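**Q** Chain residues, written in single-letter form:
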Amino acid sequence: DAMVIQNPRYQVTQFGKPVTLSCSQTLNHNVMYWYQQKSSQAPKLLFHYYDKDFNNEADTPDNFQSRRPNTSFCFLDIRSPGLGDAAMYLCATSTLDGSYNEQFFGPGTRLTVL
Amino acid sequence: DQQVKQNSPSLSVQEGRISILNCDYTNSMFDYFLWYKKYPAEGPTFLISISSIKDKNEDGRFTVFLNKSAKHLSLHIVPSQPGDSAVYFCAAMANYGQNFVFGPGTRLSVLP
Chain A
639 DAMVIQNPRY
649 QVTQFGKPVT
659 LSCSQTLNHN
669 VMYWYQQKSS
679 QAPKLLFHYY
689 DKDFNNEADT
699 PDNFQSRRPN
709 TSFCFLDIRS
719 PGLGDAAMYL
729 CATSTLDGSY
739 NEQFFGPGTR
749 LTVL
Chain B
4 DQQVKQNSPS
14 LSVQEGRISI
24 LNCDYTNSMF
34 DYFLWYKKYP
44 AEGPTFLISI
54 SSIKDKNEDG
64 RFTVFLNKSA
74 KHLSLHIVPS
84 QPGDSAVYFC
94 AAMANYGQNF
104 VFGPGTRLSV
114 LP
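Chains as they are written, first to last, in my numbering: chain A, 639 to 752; chain B, 4 to 115.
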């Protein structure tokens, strides 16, 4: 089945220790998104790639970086995680083709910062 | 400043009855709206959408109503089933844009 896969599902890191979250897709979508979701809050868009074009949200901290080496994979790098970065991180994909299209989400990675 | 609001954090409904989940938005540029359902430990899954040129869209037990003048939309689930228990997110986008804006979600509990 075509899908959005996130690894790992659960990640524990220490305060200040860099961590990388992974997302892959078999949908061949040209747009990939990273969201941060904290408990009882709306998913908050961090950034997205339209093909290789990186689009950062204005309020995304510099601590968060992303890489998209190819169509299928996208990574979220947190350079120095703080306690406030503990959250669910959701990857999503979509097609941008001049029409309205829904986003397809992965299961998320829950990040714990000790 | 929340552009998409879901003012009810939770809702409980008896099995077989109607569930009505509400969503309000402030940005008049939004022209496409979606509802997502999220189970614990899973990512959100798309449920139903509506374009601003319509005021109603129906898919099986799920109907979305849009009132543009009030900047309000609602999701009706009839009849509600225990498997519908989940968090429901309202989302909006503008002009075939790449980005959605999500509301904070409403947790629906359907009681047997």
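There could be a bad hint or two in this list.
[Unchecked claim] Between beta-carbon pairs, the in silico distance windows are:
no.: 1; chain 1: A; residue 1: Phe711; chain 2: B; residue 2: Gln5; range: 28 to 34 Å
no.: 2; chain 1: A; residue 1: Ser710; chain 2: B; residue 2: Tyr42; range: 40 to 46 Å
no.: 3; chain 1: A; residue 1: Leu752; chain 2: B; residue 2: His75; range: 38 to 44 Å
no.: 4; chain 1: B; residue 1: Tyr42; chain 2: A; residue 2: Gly722; range: 25 to 31 Å
no.: 5; chain 1: A; residue 1: Leu752; chain 2: B; residue 2: Ser13; range: 40 to 46 Å
no.: 6; chain 1: B; residue 1: Ala44; chain 2: A; residue 2: Leu734; range: 27 to 33 Å
no.: 7; chain 1: A; residue 1: Ser660; chain 2: B; residue 2: Pro85; range: 31 to 37 Å
no.: 8; chain 1: B; residue 1: Asp58; chain 2: A; residue 2: Tyr688; range: 30 to 36 Å
no.: 9; chain 1: B; residue 1: Thr29; chain 2: A; residue 2: Glu695; range: 16 to 22 Å
no.: 10; chain 1: A; residue 1: Asn694; chain 2: B; residue 2: Pro82; range: 43 to 49 Å
no.: 11; chain 1: A; residue 1: Arg647; chain 2: B; residue 2: Gln5; range: 27 to 33 Å
To be clear, the hints were calculated from the coordinates, so they are not data collected in a lab.
It should be emphasised that the depicted structure is a prediction, and the values quoted were computed from it without experimental measurement.
Glycine included, every Cβ here is placed at the ideal spot set by N, Cα and C.
**Q** State for each hint whether it applies.
**A** The hints, checked one at a time:
1. Against the hinted window of 28 to 34 Å, the Cβ-Cβ separation of Phe711 of chain A and Gln5 of chain B comes to about 32 Å, which satisfies the hint.
2. In this structure the supplied range 40 to 46 Å is violated for Ser710 of chain A paired with Tyr42 of chain B, their Cβ-Cβ distance being about 25 Å.
3. A C-beta distance of roughly 43 Å is found between Leu752 of chain A and His75 of chain B, which places it inside the suggested range of 38 to 44 Å.
4. Separation of Tyr42 of chain B from Gly722 of chain A is about 26 Å and conforms to the stated range, judged on CB atoms against 25 to 31 Å.
5. Taking the beta carbon of each, Leu752 of chain A and Ser13 of chain B are about 31 Å apart, not inside 40 to 46 Å as hinted.
6. Taking 27 to 33 Å as the suggested C-beta distance range, the pair Ala44 of chain B and Leu734 of chain A conforms, at roughly 29 Å.
7. At roughly 34 Å, the beta-carbon separation of Ser660 of chain A and Pro85 of chain B lies within the given 31 to 37 Å, and the hint holds.
8. Range check, Asp58 of chain B to Tyr688 of chain A: Cβ separation about 31 Å, and the 30 to 36 Å hint holds.
9. In this structure, Thr29 of chain B and Glu695 of chain A meet the distance hint of 16 to 22 Å, their C-beta atoms being roughly 18 Å apart.
10. For Asn694 of chain A and Pro82 of chain B, the Cβ-Cβ distance of about 44 Å falls inside the hinted range of 43 to 49 Å, so the restraint holds.
11. Taking the beta carbon of each, Arg647 of chain A and Gln5 of chain B are about 29 Å apart, inside 27 to 33 Å as hinted.
Violated hints for the displayed structure, listed by number in ascending order: 2, 5.
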